[in-house]
Amino acid sequence: MVYNYYPGCTLSTKAKKLDIYARAAAKALGFELAELKEWQCCGAVYPLAQDAIGERLAAARSLAAAEDGKLVTLCSACHHVLKRVNADMAANGEICAKVNAYLGEEETYHGQTEVWHYLEILKREIGFDEIARRVKNPLTGRKIGAYYGCLLLRPAGVMQFDDAENPGILEDFIAALGATPIIYDYRNECCGGYLTLTDKQATGEMVGRVIASARQKGVAELITACPLCSYNLEVNALGTEMPVHYFTELLAEALGLKEEETACR
Amino acid sequence: MQIREMEEAAEVLRISTVKAENCMQCGKCSAACPAGARMDILPHRFVWELMNGRVSLLAKSGTLWQCLSCFACSARCPRGVDPARLIEAVRLTVIRRQGANSINVDELPQVIDENMPQQAIVSALRKYNK
Amino acid sequence: MLAEKQSTEQNFEPLIVAFCCNWCSYAGADLAGTARRSYPANVKIIKVPCSCRVNPTFILRAFLRGADGVIIAGCHPGDCHYTTGNYFTRRRMTLLMGLLGYLGVDKARLRVEWVSAAEGNKFAEVMTDFAGTIKALGENVKLRDLRCK
Amino acid sequence: MRKHIAATVDVARVAESVRSIPDVAFATDYRYMCSEGGQTLLRQAVKEHGLSRIVVCACSPRMHEATFRKAAKAAGLNPYLVEIANIREHCSWVHKDKEVGTAKAIALAKAAIAKVRLNTPLTAGESPVVKRALVIGGGIAGLQTALDIAEAGYKVDIIEKSPSIGGKMAQLDKTFPTLDCSACILTPKMVDAAAHENITIHTYSELEKVSGYVGQFEAVIRKKARSVAVDRCSGCGLCMEKCPSKKAASEFDEGLRTRSAIYIPFAQAIPNVPVIDREQCLKFQADKCGLCAKICPAGAIEYGQEDELITNKYGAIVLATGFTTIDPVRFGEFGYLHHKDVITSLEFERLTNAAGPTQGKLVKLSDGKKPKSIVFVSCVGSRDTTERGKSYCSKICCMYTAKHALLVKEKYPDIAVKVFYIDVRTPGKGFDEFQRRAVEEYGVEYIKGMVGKVTEEGGGLAVHASDVAAGTKIVAEADLVVLATAVTPSSDARKLASMLSASIDTDDFYTEAHPKLRPVESPTAGIFLSGVCQGPKDIPETVAQAGAAAVKAIGLLSKDKLLTNPCVAHVNETTCSGCLACEKVCPYGAITADYKQVNSKGLKERRLIAHVNEALCQGCGACSVACPSGAMDLRGFSNKQIMAEVDALC
Chain S
1 MVYNYYPGCT LSTKAKKLDI YARAAAKALG FELAELKEWQ CCGAVYPLAQ
51 DAIGERLAAA RSLAAAEDGK LVTLCSACHH VLKRVNADMA ANGEICAKVN
101 AYLGEEETYH GQTEVWHYLE ILKREIGFDE IARRVKNPLT GRKIGAYYGC
151 LLLRPAGVMQ FDDAENPGIL EDFIAALGAT PIIYDYRNEC CGGYLTLTDK
201 QATGEMVGRV IASARQKGVA ELITACPLCS YNLEVNALGT EMPVHYFTEL
251 LAEALGLKEE ETACR
Chain W
266 MQIREMEEAA EVLRISTVKA ENCMQCGKCS AACPAGARMD ILPHRFVWEL
316 MNGRVSLLAK SGTLWQCLSC FACSARCPRG VDPARLIEAV RLTVIRRQGA
366 NSINVDELPQ VIDENMPQQA IVSALRKYNK
Chain U
396 MLAEKQSTEQ NFEPLIVAFC CNWCSYAGAD LAGTARRSYP ANVKIIKVPC
446 SCRVNPTFIL RAFLRGADGV IIAGCHPGDC HYTTGNYFTR RRMTLLMGLL
496 GYLGVDKARL RVEWVSAAEG NKFAEVMTDF AGTIKALGEN VKLRDLRCK
Chain P
545 MRKHIAATVD VARVAESVRS IPDVAFATDY RYMCSEGGQT LLRQAVKEHG
595 LSRIVVCACS PRMHEATFRK AAKAAGLNPY LVEIANIREH CSWVHKDKEV
645 GTAKAIALAK AAIAKVRLNT PLTAGESPVV KRALVIGGGI AGLQTALDIA
695 EAGYKVDIIE KSPSIGGKMA QLDKTFPTLD CSACILTPKM VDAAAHENIT
745 IHTYSELEKV SGYVGQFEAV IRKKARSVAV DRCSGCGLCM EKCPSKKAAS
795 EFDEGLRTRS AIYIPFAQAI PNVPVIDREQ CLKFQADKCG LCAKICPAGA
845 IEYGQEDELI TNKYGAIVLA TGFTTIDPVR FGEFGYLHHK DVITSLEFER
895 LTNAAGPTQG KLVKLSDGKK PKSIVFVSCV GSRDTTERGK SYCSKICCMY
945 TAKHALLVKE KYPDIAVKVF YIDVRTPGKG FDEFQRRAVE EYGVEYIKGM
995 VGKVTEEGGG LAVHASDVAA GTKIVAEADL VVLATAVTPS SDARKLASML
1045 SASIDTDDFY TEAHPKLRPV ESPTAGIFLS GVCQGPKDIP ETVAQAGAAA
1095 VKAIGLLSKD KLLTNPCVAH VNETTCSGCL ACEKVCPYGA ITADYKQVNS
1145 KGLKERRLIA HVNEALCQGC GACSVACPSG AMDLRGFSNK QIMAEVDALC
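Protein chains in written order, with this note's numbering: chain S, 1 to 265; chain W, 266 to 395; chain U, 396 to 544; chain P, 545 to 1194.
I should point out that these hints are in silico values taken from the structure, not numbers from a laboratory.
Just so you know, not all the hints are guaranteed correct.
Derived pair list, reagent style DSS-like, types lysine-lysine, alpha-carbon separation capped at 27 Å [as the list claims (entries may be wrong)]:
(1) Lys699(P) <-> Lys857(P)
(2) Lys857(P) <-> Lys530(U)
(3) Lys200(S) <-> Lys284(W)
(4) Lys675(P) <-> Lys733(P)
(5) Lys98(S) <-> Lys517(U)
(6) Lys517(U) <-> Lys284(W)
(7) Lys905(P) <-> Lys857(P)
(8) Lys395(W) <-> Lys325(W)
(9) Lys992(P) <-> Lys284(W)
Being a predicted model, the structure only gives us computed values, none of them experimental.
Generate coordinates for the entire structure from the input sequences, incorporating the hints supplied.
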């Protein structure tokens, strides 16, 4: 199976690990990520205002380019933006008409593309049971906390990713790899996001609470799908530390691909 | 002045697409807000002020620059009001004015470190500058 | 010329017949009234015991005599006062929809909706929406048979 | 007529414009048509002008059709020669422009005139009333209704799906605002019902099927296999003691305690006969054990018991299916799923009940220690218009939360109690005084603001809330968090509504025939509503409504015969081809076929003709549309009548 793939800017530079392990694991699991030609930056934040048309164009272009079926994403922010812009194109007549007028393509785009997160492919197309069967190095005994953050889950009505307050997909994923998923209260609370640029103190407090909450429950390492969450957790935490990995890194490790990949590089 | 402000409020509500009149001031948004402790006007109060047309007060509030668009308020609001959208709409009325950018781009290199993902920079510029 | 056309379009007041079942939709219309939920006066209601009482010939007759839209409103599927009546309605109207095009009537001019006795708001919304649709479609001239007048 | 209608309809002009229509002998306008004066006017007009048909342009026929039919009858006309043009609910109340409203009123009047021309005199038939009522639900609502009906001398059957009657009220500790013990006032009612000669109680039973109509319902009741013989069991309880399978969560104790596979839900249960939960029983699951059968001194255990179907006829049915509460897992931010010390109000009731799992000792579920601080959260799922919650106010939560808070403070003055609320709603006798007592005398801290998240901090819980009055965020420490979860109708309400053709709203509460004037009747004749199944209410209101529903049912049962709807189907035998398409669509089996001698185009022939059993026909009209020749028609809504209305409108 070949899926259209939207990596996003960060994955080509600062979050390479998120990307390369995802591709390697995909190959091992029998599917392929075919990078969209000429994708553009999604804009990183979803434009909330009804009249923010320009800010939606890049996402709409990428979505339209993947018109033949599913578009797979990895980064939480890209997923969030693409999924929500797609929902606008499908259901918000005014935005759809204006964006199409800008795109100026012969065929208009109406949100036909399905935006899937890599995790959704793993869960719904491959199946966590199947992944568990393919695991070569089970991560037995490792106490891992899933850090969802905000963007994958909310708003639940549009993202349709998981129960926004009681999510379980990452925990199921962790369990499939043989590790012990640990649920803690702050797994869906914000990491401080882009405030890292303007108010390090604020971000620090926020990730501090996340890490404290996780540690209290016995979490030894965190996994995330978002480069910015990962950065904030690693860099901004004040006076506390917690190993943070991308979920794909963990997947590659369990599938026995991590050493190979590192060797290749 | 009063009339002008009411018109502005109406415009903010329009571009936000939020039905602020559904708000019953229960304060759940503020309770859920992870950045609330640093806000001068809490989300529920923000909705209230906007309903009363006080856009200029809101335009000056620190809340605009503390909101993270994490949507905890929107997700937990029992009335389907979306405070994050309202905050964004007011923020847009500010940054869309010429020279009202919140981040000085020249100073950016000083705050960016080697590992900072560009996602952070793009997000912040989208939120704070035009 | 164009302005004239637009103005006639704006002035066009469609004639809409609504067949409402006694138990759900007629009561829903009553509730819309009690709650003062307004909808366009173009909608005129005929009471029937059940939506399944609506013979397709009633609908065709309405179109022949110049009705611009016909809407049938009944209880929600599963909630019919007569247990199964609205299932018949659903099947019959599906068939009729298929035939309307053949008769030269846009099938958007016929609609079936389920409105319960508790849904006064929905009644008003549905009727407002339908009247809007019919207004946009314009006058029903194709099937109108002046001999029926 | 004028007061409501005349604001947007020029009634004089309506009268004026219909006066010129052929056949109209008299037209006038009058302010209150449904008043005695209006009816006198109607009677006089019939006499003076020799009227043979009447059209009343007024409010909905659902309000006053019966009134005007009676008036017509008094004037010597057949009551079915009256038609109503609904120019109030369907016209003046929904249109603002007077011109538009008047034009529409005239159109509706014309349609009614066109129809009434073709009306024929009809005579209502009669059908007998079975003098027995069925009450669905054995909680306080159902019990009260059943007792009242039984006291009036009619037989009543109660069906209750759980193994005992008593319902939610049996689970409660104290009742607000007087704080009498719930069980102490409920148990005598349960005993009265069980002992009443006119009441038959079917516990562990559900309604399987209902057919028939008002006065003549036929219900099939599924009595689930109890696996214990009710007549032999002495209720000694030995079986429950010895049962080795004790892991099932007790429904009665809201899962706070486990119970055996063979169990009586609670000590005062009626009947005091255990039931075997076959999902939990080793005998049924693994064909092992069988201990209860061996030790039962009465030999009452019957593993081979099967579900029993009982069919009975009833004149009236009362719905008293009560409520459940919304699943707090839907609101993950409160942490119900992951924190043992976040509980629902109903769990709190069990936790403070002397007969509960802790003998009434208030403890944390996580470690069994006494809590130092308790936070109550109101409106969990109530007044929530999103898909997670319910848009209505659950009505009882403010009061039971005040009750809980006050009782905690009374028993343990050292426990800090906070209540987070959106609004405190206490309309009711002595209610506001009670809530203020909690604040003023007992020092319960009420904070206006909702809770956004509950997290674990250190050993306890942190409640992240806002204080709306102060305009601040606060984090309150709590050892126990109690969620006032929204009241929702019983999960089988919708299924029952379909079975009984009773109308139900989008929240699954049963709809009343009229929200003000007929609040305890379903729009479906012969079905009555008792208790929370119609809308959230507290115990006194439930009891009051239960009594009202009983009176309505008694009123029906006291009649020997009911007039039937004469608007039924009939066949034109000369045009019926005997295809019997009508028979196939009739939901009541009211159509049969007979060979009959008919005149067909001058020839006498004997052929198959459809026949309508008018006692069974309910008048839906499905057959009249299925009939290819138009031989089947519906009285009161004939093809010609409806066609005439269409012609008049278009």
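Going back to the hint list, which numbers does this structure go against?
2, 3, 5 and 7
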